[in-house]
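Listed below are the residues making up each chain.
Number of protein chains: 2
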Amino acid sequence: MSISMYAASVPVFKQMLGSLSDVLRKAETHAAEKKIEPDALLQARLFPDMFSLIRQVQIAADFAKSVSARLAGVEVPAYEDNERSFAELQERIAKTLAFLDTLAPAQIDGSEQREIVLRPGTPKEQKFTGQPYLLHYGLPQFFFHVTTAYAILRHNGIELGKRDYMGKY
Amino acid sequence: MSISMYAASVPVFKQMLGSLSDVLRKAETHAAEKKIEPDALLQARLFPDMFSLIRQVQIAADFAKSVSARLAGVEVPAYEDNERSFAELQERIAKTLAFLDTLAPAQIDGSEQREIVLRPGTPKEQKFTGQPYLLHYGLPQFFFHVTTAYAILRHNGIELGKRDYMGKY
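Line by line, the protein sequences are chains U and W.
Residues 5 to 173 (my numbering) make up the first sequence, in order.
Residues 5 to 173 (my numbering) make up the second sequence, in order.
Hints were generated in silico from the structure; no laboratory data involved.
Keep in mind that a hint or two might mislead.
Chain copies aren't distinguished; within one or between two, either way the pair holds.
What the hints assert, rightly or not - Straight line, CA to CA, 25 Å or less: simulated SDA-like cross-link-like pairs of lysine to any residue:
#1 Lys18 - Gln145
#2 Lys166 - Tyr83
#3 Lys172 - Ile63
#4 Lys172 - Phe103
#5 Lys18 - Tyr141
#6 Lys172 - Glu119
#7 Lys128 - Ala44
#8 Lys172 - Pro127
#9 Lys38 - Phe132
#10 Lys18 - Arg118
#11 Lys131 - Ala73
#12 Lys166 - Gln19
#13 Lys166 - Ala48
#14 Lys39 - Ala82
#15 Lys128 - Gly171
#16 Lys18 - Ser8
#17 Lys128 - Asp113
#18 Lys39 - Arg29
#19 Lys131 - Gly171
#20 Lys38 - Glu119
#21 Lys30 - Glu95
#22 Lys39 - Leu104
#23 Lys131 - Asp168
#24 Lys166 - Asn86
#25 Lys166 - Phe132
#26 Lys38 - Ala108
#27 Lys166 - Ile63
#28 Lys39 - Gln145
Here the structure is a predicted model, which is why all the values come from computation and not from measurement.
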């Protein structure tokens with residue numbers, strides 16, 4: 005008995021992307037009800053040199069797709085990063101979830117020792133093996149952006165609770 | 005090959021508690037240099053009904069110790085939750101790290117199917133098995149509080165970057 009690489013990656017990403025989608029839907033509804041300009045939330049950030057809500061959601065999706073793809077040894081899907089609305093953020097999450105559903109456990113299981121090279125051939129090249137890449141890099145990065153998206157919305161008064169963040173588990 | 009329950013828990017908690025300690029040290033130094041009342045940071049929160057920085061750090065430590073202890077089948081160390089200063093938060097993190105160091109991999113490995121009961125005998129009782137308890141409950145909760153502590157400090161102008169959040173990996 006032990007945890008498969010698939011179990012520690014794709015289902016965790018799916019849980020949290022699902023909750024992020026629900027959280028964004030609540031934010032959109034709140035904005036509509038209170039006649040708040042959607043951009044007041046979408047462009048909100050916790051400090052001027054931090055990323056906006058839109059960018060936090062984009063990056064959360066990026067880590068979900070890129071970590072899973074690299075562990076599976078398939079190409080990371082390229083996204084244009086041109087989302088401007090809640091609806092477009094929902095599309096980004098939906099297409100990320102759809103991509104995750106294309107990955108079979110057998111593609112990711114056994115990737116513990118797979119060599120992962122980030123930004124290959126550049127001065128910022130970083131080499132990992134699969135297991136520490138997932139546990140010590142991918143998951144902390146992913147949770148950072150999901151939590152920060154939630155934090156931006158809570159800071160702006162959206163009524164959310166820990167249960168919304170946790171999603172379905 | 006697959007991930008052991010120990011590898012997916014204790015070393016991840018240690019990485020992020022280490023980074024949280026460093027982040028708090030930078031915040032304390034910043035406060036001292038700018039002659040900021042430490043409580044202006046320690047009691048800061050992102051919204052009135054969210055927890056303060058002190059409470060976020062306490063809960064992050066709580067998830068690290070309680071998830072690890074439950075997986076190992078040992079008693080969860082009880083803390084008094086009486087920290088009031090940066091130095092006391094550092095002590096809480098240090099004693100949590102020391103507790104994690106008492107847990108041998110063999111105590112946690114094989115806990116995938118262990119029954120975990122939260123708040124047993126109460127109306128809020130929750131039952132898990134070890135693997136989903138760690139992957140879908142413990143880690144998301146832990147990362148939430150580590151990230152929110154960081155977010156509170158960034159929101160208050162402490163100069164931190166993603167590298168500080170990520171710690172040593």
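Intra- versus inter-copy proximity for Phe103 and Lys172 (alpha-carbon distance at most 25 Å): within (19 Å within a copy, 30 Å between copies)
Homomeric proximity label, Lys131 with Asp168: Cα distance no greater than 25 Å: between (35 Å within a copy, 19 Å between copies)
Intra- versus inter-subunit Cα pairing at 25 Å for Lys166 with Asn86: The answer is between: 23 Å across copies meets 25 Å, while 29 Å in one copy does not.
Identical-chain pair category, Lys18 with Arg118, by Cα at 25 Å: Both, since 22 Å and 24 Å are each at most 25 Å.
Copy assignment of Lys18 with Ser8, given that the CA separation must stay at most 25 Å: both (16 Å within a copy, 22 Å between copies)
Status of Glu119 relative to Lys38 across identical chains (alpha carbons, at most 25 Å): Answer is neither: 50 Å inside a copy and 45 Å across each miss the 25 Å cutoff.
Lys166 and Phe132: within-copy, between-copy, both or neither at 25 Å Cα: Result: close only across copies, 18 Å inter versus 32 Å intra.
Within, between, both or neither: Lys166, Gln19 at alpha-carbon 25 Å: both (14 Å within a copy, 23 Å between copies)
Same-copy or cross-copy closeness of Lys128 to Gly171 [CA-CA at most 25 Å]: So Lys128 and Gly171 pass the 25 Å test across copies only (17 Å; inside, 34 Å).
Lys128 and Ala44: within-copy, between-copy, both or neither at 25 Å Cα: neither (34 Å within a copy, 37 Å between copies)
Intra- versus inter-subunit Cα pairing at 25 Å for Lys39 with Ala82: neither (34 Å within a copy, 47 Å between copies)
Homomeric proximity label, Lys38 with Ala108: Cα distance no greater than 25 Å: neither (43 Å within a copy, 53 Å between copies)
When held up to the earlier numbered hints, the structure conflicts with 7, 9, 14, 17, 20, 22, 26 and 28 and fits the remainder.
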